[in-house]
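Engineer: For the record, the sequence lines run as chains A and B.
Using this note's numbering, the letters of the first sequence map in sequence onto residues 1 to 91.
Using this note's numbering, the letters of the second sequence map in sequence onto residues 1 to 155.
By construction, these hints were calculated from the structure, which means they are not laboratory data.
Backbone N, C-alpha and C fix where the C-beta goes; we use that ideal spot for every residue, glycine too.
Take the hints with a grain of salt, since some may be wrong.
[Stated by the list, open to error] Covered stretches of chain B, going by a simulated chain A footprint (3 or more residues, C-beta under 8 Å): (1) 17-24; (2) 55-62; (3) 90-102; (4) 120-128; (5) 132-141.
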Amino acid sequence: MAVNLVMYIMNKIKLLFFATIRDRAGVKSLELDIPAEMTVKDLKDKLSTDYPGLKDSMKSVLVAINHEYAFDEAIVPQDAEIGMFPPVSGG
Amino acid sequence: MQSSNLPTIFSITESEIDLNNLVAQITLTSTGAAAIFTGMVRGVTSRGDEHETEYLEYEAYIPMAEEKMKQVADEIREKWPVIEGIAIVQRIGKLYPKTPTVLIACTAAHRDTGVFDAARYGIDRLKEIVPVWKKEVGPNGEEWIEGDYIPKAGE
Numbered sequence: 001m002a003v004n005l006v007m008y009i010m011n012k013i014k015l016l017f018f019a020t021i022r023d024r025a026g027v028k029s030l031e032l033d034i035p036a037e038m039t040v041k042d043l044k045d046k047l048s049t050d051y052p053g054l055k056d057s058m059k060s061v062l063v064a065i066n067h068e069y070a071f072d073e074a075i076v077p078q079d080a081e082i083g084m085f086p087p088v089s090g091g
Numbered sequence: 001m002q003s004s005n006l007p008t009i010f011s012i013t014e015s016e017i018d019l020n021n022l023v024a025q026i027t028l029t030s031t032g033a034a035a036i037f038t039g040m041v042r043g044v045t046s047r048g049d050e051h052e053t054e055y056l057e058y059e060a061y062i063p064m065a066e067e068k069m070k071q072v073a074d075e076i077r078e079k080w081p082v083i084e085g086i087a088i089v090q091r092i093g094k095l096y097p098k099t100p101t102v103l104i105a106c107t108a109a110h111r112d113t114g115v116f117d118a119a120r121y122g123i124d125r126l127k128e129i130v131p132v133w134k135k136e137v138g139p140n141g142e143e144w145i146e147g148d149y150i151p152k153a154g155e
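Using the sequences and the hints, build the whole thing.
Structural biologist: Given below as structure tokens:
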């Protein structure tokens, strides 16, 4: 039964936006409850739908999960900190 | 010497970059050479799109940026095991022309050890994977500068 229960647990994540992504989101950060087992791609699709200002940005955004670069197929872990930002331009 | 005992400095700071202090911190008794790269805000750009810059406003995803700087330092040590000390510092905030914004310094026993290449690799890599961005403000308005490097899995 425990295995089935996992499917109903929501995952509370923290999103941090930087540079152009923050400007378009209008906020620096968001806390979201997402279904467990959601992928990065699912999360980008959800944000495109829920925040139309982010729709174009989601096509080229870089994503970091807990400070490591992550890609579309990655599963968002529990209580993850997700950074979303454009290609970097430091120096 | 174990690389874990060698001085490695990496930081994002809002303070002025203190070159002398940083180089002193990565100088060992066996050090005879330091290669230092520092970048500054360019007020007048003539290569490519000619324009003037009033200031740059830098921001960073600080904890991730410092972790990625550590990764750059680890990569340098893997490629050039002779490197003794490494300092990687990025200044953020509103920075005006002529102001140093970034510093990469590597030290080694001698200058012909790859120490120049190591510092060059450090700044190139920082511009690829360390999450820092700058907004350029000039006479014609402001614009976020975006890089063109897409990190790969494991970077």
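Engineer: Which hint numbers does the structure go against, in order from smallest to largest?
Structural biologist: Violated hint: only 1; rest satisfied.
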